[in-house]
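Okay, here's what each chain looks like letter by letter:
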Amino acid sequence: MSGDRPGSIEAGPILEVRDLAVSFRTERGLVRAVDGVSLTLGEREILSIVGESGSGKTLTVLAVMGLIRDPNAIVEGSIRFRGRELVGLPDGEMRRVRGGAIAMIFQNPMTALTPVYAIGRQIAEQVRAHRPLSRRAAARRAIELIEAVGIPNPAGAAQRFPHELSGGMRQRAVIAMALSCDPALLLADEPTTALDVTVQAQILDLVRKLRADFGSSVILITHNMGVVAEIADRVAVMYAGRIVERAETAALFREPRHPYTLGLLGSIPPLEGARPRRLPAIPGTPPSPFAIPEGCPFGPRCRWREAACAVRPELVAEGGHETACILTKEARAAARAQSLAVTAGAA
Amino acid sequence: MLFVLVGISATVFLIFFATPGADPAARIAGRNATPETVAAVRKEFGLDKPLPVQYAMMMDHLLVTQDLTSFVNRGEKIVPEIVEAAPVTLSLVLGAAVIWVVFGVVVGLVAAAFKDTLIDRGLMVGSLIGVSMPVFWLGEVVNLLTQSRLHGTFFFAWVPALGYVPLRQSPLGWFAALVLPWITLAVLYIGIYGRVLRANLIEALNEDYIRTARAKGLSDWQVLTRHALRCSLISFVTMFGLDFGALVGGGALLTEVVFGLQGVGALTYRALEDLDLPMIMATVIYASFFVVVSNAAVDILYAAIDPRVRER
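Here the protein sequences line up with chains A and B, keeping their order.
One point on numbering: in this note's numbering, the residue at position 187 of the first sequence is 187, and numbering is uninterrupted.
One point on numbering: in this note's numbering, the residue at position 80 of the second sequence is 427, and numbering is uninterrupted.
FYI, nobody ran anything at the bench for these hints, they're computed from the structure.
Please read these numbers as outputs of a predicted model, since none were measured by experiment.
Mixed in with the good hints there might be a few duds.
Covered, in the sense of this in silico footprint (three residues per stretch, anywhere, with C-beta under 8 angstroms from a C-beta of chain A), are these stretches of chain B [what the hints assert, rightly or not]: (1) 423–430; (2) 441–449; (3) 542–548.
Have a look at the derived ranges for each label pair, beta carbon to beta carbon [unchecked claim]: (4) B:647 - A:202: 32 to 42 angstroms; (5) A:182 - B:502: 52 to 62 angstroms; (6) A:202 - B:437: 52 to 62 angstroms; (7) A:334 - B:464: 57 to 67 angstroms; (8) A:24 - B:462: 45 to 55 angstroms; (9) B:416 - A:159: 55 to 65 angstroms; (10) A:133 - B:351: 45 to 55 angstroms; (11) A:159 - B:647: 12 to 22 angstroms.
Which chain B residues stay away from chain A? Per the calculated CB distances, all over 12 angstroms, these [said to hold, decoys possible]: (12) 362; (13) 363; (14) 453; (15) 462; (16) 493; (17) 581; (18) 621.
Beta carbons: idealized from backbone N, C-alpha and C, even for Gly.
Just chain A, with the same shape it has in the complex (with noise of 0.2 angstroms):
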């Protein structure tokens, strides 16, 4: 893909996904949750996927985790990691690759550990599902993780049990389970919002150290676009199932393009200037799975939109920056200056 960055390319990708689909069967039809997701990861790559509850971010991931477990889901599509098609490979051994090579931290660290074991305990069963350690040398393992993602006193806090621990020691404690087979790709579901903004900080700093150290690629699910700017290489912003806009995290910043991604950023309050007396935000809600617009799925919520947005728009690349918009690049400049004298206008 134009979009990846010349290192990747050469590495070959960590990620590949075409096509990827998930619709569930219900009562009232087929439901598409995710429609039509493609994504490429480089090695040492981190990609932020941004968008609204129910945009379908979190089963993309899912998917790629072989975690979709609804007996009414289809997942269709290609994942292949490394080469390896993930997508129908048999549970037996996709669970090997699950916790391995591909590593996945949670949205709420309250709730993401068994209740009744020390999270050494935790941690070391994770490194023994995977490698022919023994319970002792595991045990060490697991404390050398708590270690290294910056737990005080090791040997100790891995006898302590979830409810022992804070919100973010408990979250350091789920990206050290993660971390306990060296994963190639780890897939971060929203991992920093429900920590307050101090340890969201450390978190980030966390999974950068994290690529420095272990090489890892990561893709990271947010709605805080703060967090997409401290810490993304590459942007994918999702609505309704399917990405919208793409491109590399300053690109996006500077030049966004799709009136979503848009009012995303309109809805940030502004660093410099006048103080507004309220933030802009999107009109109107994301649309319901069931009743996904004809065309353009966010026309409309869109100021902007035309005659020709009854037509679903593809995902065009231009300079590595892909939209999927019909906007031209003089109207979406024009948007552009809109968006921002709203947001300044409001002041």
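Take the given structure of chain A and dock chain B to it, following the hints.
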């Protein structure tokens, strides 16, 4: 705990004296006794004293001097009767408890693992049948088959005659005499425990930590037995504490009566039939003692199962 025991015994005592037609003096004196005889008996047994005094006297005889005698069979001492009956009940309930815990856990786990498949449905229908079968009926059917109809066949020729064989006398005989009562008693509880555990497991399987456990690369069975089961055991253990205590205290009376086991339950049964107050008092106190003890044991078990309980 002492408070609970005193409360229960006092309540039973008062209920007994409030029961019409239960006048112990009249019963002791016999059917055609003259009023004078009844009055004499009443005086002799101290039944003319105020109720609190009577209660204190009875407790004194029961617990301190341990020479409380039956109102119905004169001269029959209560305490040795219970001491003799206790091992019978204990053998019956312990064996049944082992069976129902093992099978209850297996049924719950397998049903949860195969949720919504034929295996799950079959197990749930089976346990519903188990729960619905009255134990006295099931016991009689078992007896009918193994003692008479099929006793001649190869399968049940080993079944001994009804009754209890002390463990010290013959371990094998003890086992043979008890294995059918065990199963009969356990069937009901396997059904209940299996269903409750299945429901708790399925609830636990929706928790976030289960997804974490799956993401670690554990197999479904490992996730189920290591993570979901441990967190689902609280209500299982609570139920077990109550049921086990009640059964050891004589709650298995139907099973005991049907299988001719002279346990605490059978004693209670007889005492109730005869309205034999001292015996009722003794068995009730004995029963409540076990209920209280096993609930205390459950509280300790909680702490072992769930570290969150420990500090409180």
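Cross-check of the supplied hints:
Coverage of a stretch by a chain is defined here by at least three residues with a beta carbon nearer than 8 angstroms to that chain's beta carbons; for the segment 423–430 of chain B and chain A the count is 0, and the condition is violated. A count of 0 residues in the segment 441–449 of chain B with a Cβ less than 8 angstroms from any Cβ of chain A is obtained; the coverage claim is therefore unmet, three being the minimum. A count of 0 residues in the segment 542–548 of chain B with a Cβ less than 8 angstroms from any Cβ of chain A is obtained; the coverage claim is therefore unmet, three being the minimum. Checked against the given bound of 32 to 42 angstroms, the beta carbons of residue 647 of chain B and residue 202 of chain A, roughly 39 angstroms apart, stay inside it.
For residue 182 of chain A paired with residue 502 of chain B, a C-beta distance near 59 angstroms keeps the hint of 52 to 62 angstroms intact. Under the hint 52 to 62 angstroms, the C-beta atoms of residue 202 of chain A and residue 437 of chain B, about 58 angstroms apart, fit the expected range. At about 59 angstroms, the CB distance of residue 334 of chain A to residue 464 of chain B agrees with the hint of 57 to 67 angstroms. Range check, residue 24 of chain A to residue 462 of chain B: about 18 angstroms between beta-carbon atoms, so the 45 to 55 angstroms window is missed.
Between residue 416 of chain B and residue 159 of chain A the beta carbon distance is about 58 angstroms. The supplied range of 55 to 65 angstroms therefore holds. Judged by the Cβ atoms, the range 45 to 55 angstroms given for residue 133 of chain A and residue 351 of chain B holds: they are separated by roughly 51 angstroms. As the Cβ distance of residue 159 of chain A to residue 647 of chain B is approximately 21 angstroms, the hint placing it in 12 to 22 angstroms holds. At the 12 angstroms boundary, the C-beta of residue 362 of chain B stays outside the reach of chain A, the nearest C-beta of that chain being 43 angstroms off.
For residue 363 of chain B, the shortest C-beta to C-beta distance to chain A comes to about 46 angstroms, beyond the 12 angstroms cut-off, and the non-interface label holds. No beta-carbon of chain A is positioned within 12 angstroms of the beta-carbon of residue 453 of chain B; the least distance is around 21 angstroms. A beta-carbon of chain A comes within 12 angstroms of the beta-carbon of residue 462 of chain B; the shortest separation is about 10 angstroms. At the 12 angstroms boundary, the C-beta of residue 493 of chain B stays outside the reach of chain A, the nearest C-beta of that chain being 43 angstroms off.
For residue 581 of chain B, the condition that its CB be more than 12 angstroms from all CB atoms of chain A is violated, with the nearest at approximately 10 angstroms. Listed as a non-interface residue, residue 621 of chain B keeps its Cβ farther than 12 angstroms from every Cβ of chain A; the least gap is roughly 50 angstroms.
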